[in-house]
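In this text, residue positions in the sequence shown follow the UniProt record's numbering: the first is 1, and each later residue adds one.
Please keep in mind that the hints were generated in silico from the structure rather than gathered at the bench. All residues carry an ideal CB built from backbone N, CA and C; glycine is no exception. Do not rely on the hints blindly, as some may be mistaken.
Claimed, not checked - Taking lysine-lysine pairs in the DSS-like style, the calculated list, with each CA pair at most 27 Å apart, reads:
| # | residue 1 | residue 2 |
| --- | --- | --- |
| 1 | K58 | K106 |
| 2 | K266 | K308 |
| 3 | K58 | K29 |
| 4 | K43 | K75 |
Stated by the list, open to error - For each label pair, taking beta carbons as the anchor points, the in silico distance ranges come out as:
| # | residue 1 | residue 2 | range |
| --- | --- | --- | --- |
| 5 | W226 | D30 | 37 to 45 Å |
| 6 | M182 | V303 | 12 to 20 Å |
| 7 | S271 | A153 | 20 to 28 Å |
| 8 | D304 | E92 | 30 to 38 Å |
| 9 | G305 | D245 | 17 to 25 Å |
| 10 | A28 | D175 | 44 to 52 Å |
| 11 | Y270 | G242 | 45 to 53 Å |
| 12 | W226 | G183 | 34 to 42 Å |
| 13 | A28 | I276 | 17 to 25 Å |
| 14 | D254 | K43 | 20 to 28 Å |
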Amino acid sequence: MNRELHRCICPHPQDRHSLWTPSPERDAKDPELAAFLRKVAIKNEVLMAVSNINYARKGGMLDMWIQNVLRAGVKNAMVLALDDETKKNAEEMGMAAFRMQLEIPKAQQGNGDNHAVSAMKFRILSHFLELGYSVFLSDVDIITLQNPFGFLARDSDVESMSDGWDAATAYGYNDVLDDEEMGWARYAHSMRVFVFNSGLFYIRATQASMDLLNKVIHRVETENGWDQALFNECIFFPSHPGYKDPSVTRRVLDFELFMNSKTLFKFLRYSGQKYIDHRPVMIHVNYHSNKFERMGAVVKRYVDGDLKALDDFPVRS
1 MNRELHRCIC PHPQDRHSLW TPSPERDAKD PELAAFLRKV AIKNEVLMAV SNINYARKGG
61 MLDMWIQNVL RAGVKNAMVL ALDDETKKNA EEMGMAAFRM QLEIPKAQQG NGDNHAVSAM
121 KFRILSHFLE LGYSVFLSDV DIITLQNPFG FLARDSDVES MSDGWDAATA YGYNDVLDDE
181 EMGWARYAHS MRVFVFNSGL FYIRATQASM DLLNKVIHRV ETENGWDQAL FNECIFFPSH
241 PGYKDPSVTR RVLDFELFMN SKTLFKFLRY SGQKYIDHRP VMIHVNYHSN KFERMGAVVK
301 RYVDGDLKAL DDFPVRS
């Protein structure tokens, strides 16, 4: 049985990757959101964080996210608020906010607030893409130091931060399994790339992107799985008997510009002059549990210029 929520019928395969743009016909699908995006978006693009009140208290993680996005000069940023209080707080913090009423999928209930909220973002994104807007999705545990829109290639359906920490893990390498029992054919080659981070990626408004989102939406709403794992399986697993992949084009963002916290705390801060000179675009505190404290230290390092700001933090979480 075909369980896909949506299937493209296109006269030419390349049409799946053609950029959609807003139109009166698209606006009619969600007039309220369309009117909001016309005011906030620049060139039909927005930077968006999804948040509920757990992160949106004054002086909390969303507050820090907003402060640094504004400091970096990002004019087309917004918060997708999952409750009225979050919308109110975000607006008082100086950020445009849109309230959307959504329920946590039954399959994700009981997985903890972080994962449950994260699983909802794919359905949220589908609303934006349908209206012809491309989205740079950001978790709130991210410090923005430069405007990320100046660092996109815009040649792929999805451009994502990697959980890798060097060129091989981020961009891919040939991984060889040694099966001695096979004798002459003991070495079996495979291709390995560390996962895209579902908390920081840019997705273009294309049919291929929508096909991807619909496949991920179906899985997160029917399977008790981690949304990031499901997101990557839908992107990378090829078509095979009984399965058609969404065939999105994808690009890995520069891992030293869109940086995860393992790269920063385990490698970059010990790199001597490079640590002094290099300025990332966004830093995602995804590898560490004491997120708020490390986010504050990142601000001290890169905004205040304190080269010792990270010294007291161990490598491990």
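We went through each hint and held it up to the structure:
no., hint, in the structure
1, K58 to K106, "30 Å, violated"
2, K266 to K308, "15 Å, holds"
3, K58 to K29, "34 Å, violated"
4, K43 to K75, "11 Å, holds"
5, W226 to D30: 37 to 45 Å, "29 Å, violated"
6, M182 to V303: 12 to 20 Å, "55 Å, violated"
7, S271 to A153: 20 to 28 Å, "26 Å, holds"
8, D304 to E92: 30 to 38 Å, "25 Å, violated"
9, G305 to D245: 17 to 25 Å, "46 Å, violated"
10, A28 to D175: 44 to 52 Å, "49 Å, holds"
11, Y270 to G242: 45 to 53 Å, "47 Å, holds"
12, W226 to G183: 34 to 42 Å, "39 Å, holds"
13, A28 to I276: 17 to 25 Å, "53 Å, violated"
14, D254 to K43: 20 to 28 Å, "21 Å, holds"
Hints 1, 3, 5, 6, 8, 9 and 13, counting from the list given before, are not met by this structure.
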